[in-house]
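Undergrad: Sequence:
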Amino acid sequence: MATYKQIQAWIKQQYGFVPATCWIAHVKHMSGLPMRKAPNRQGAERVEPCPPGKVEPIRSALRHFGMIGRD
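Residue numbers are given in my numbering: position 4 of the sequence shown equals residue 9, and the series is strictly consecutive.
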């Protein structure tokens, strides 16, 4: 399983932006990957959900690292 830093580096190289870690966590959750609750989480709602235009590049990175299947 890739680290958030590896995912961020790959997305920067392929797409030219660095995603926030909360965006990666949101897409992982949407993809059904197991998640742990962050110790600094303030309730059930996401403070900064992933913007719709950034979801597909993050999913692409998760596929690249073999974390989710090919759709």
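Keep in mind that the hints were calculated from the coordinates and are not lab data. Careful: at least some of the hints might be erroneous.
With a straight-line Cα cutoff of 25 Å, these simulated DSS-like cross-link-like pairs (lysine-lysine) come out [what the hints assert, rightly or not]:
1. K59 - K10
2. K59 - K17
3. K10 - K42
4. K10 - K33
5. K59 - K33
Across the chosen pairs, the derived CB separations fall in these ranges [claimed, not checked]:
6. G58 - Q11: 20 to 26 Å
7. R68 - G21: 28 to 34 Å
8. P57 - Y9: 17 to 23 Å
9. M35 - T8: 16 to 22 Å
All residues carry an ideal CB built from backbone N, CA and C; glycine is no exception.
Undergrad: Next, verify each hint and record whether it holds.
TA: Hints versus structure:
1. Simply put, K59 and K10 have alpha-carbon atoms about 17 Å apart, close enough for the 25 Å limit, and the pair holds.
2. Restraint check for K59 and K17: satisfied, since their Cα atoms lie roughly 12 Å apart, inside the 25 Å limit.
3. This hinted pair checks out: K10 and K42 have alpha carbons roughly 19 Å apart, not beyond 25 Å.
4. In summary, the hint linking K10 to K33 is supported, as the alpha carbons are separated by about 15 Å, within the 25 Å threshold.
5. Note on K59 and K33: the hinted pairing holds, with a Cα-Cα distance of about 13 Å set against a maximum of 25 Å.
6. One distance hint, 20 to 26 Å for the beta-carbon pair G58 and Q11, holds here, with the actual separation near 22 Å.
7. In this structure the hint that R68 and G21 lie 28 to 34 Å apart at CB is violated, the actual value being about 19 Å.
8. A C-beta distance of roughly 20 Å is found between P57 and Y9, which places it inside the suggested range of 17 to 23 Å.
9. A C-beta distance of roughly 19 Å is found between M35 and T8, which places it inside the suggested range of 16 to 22 Å.
Hint compliance for this structure: hint 7 is the single one not met.
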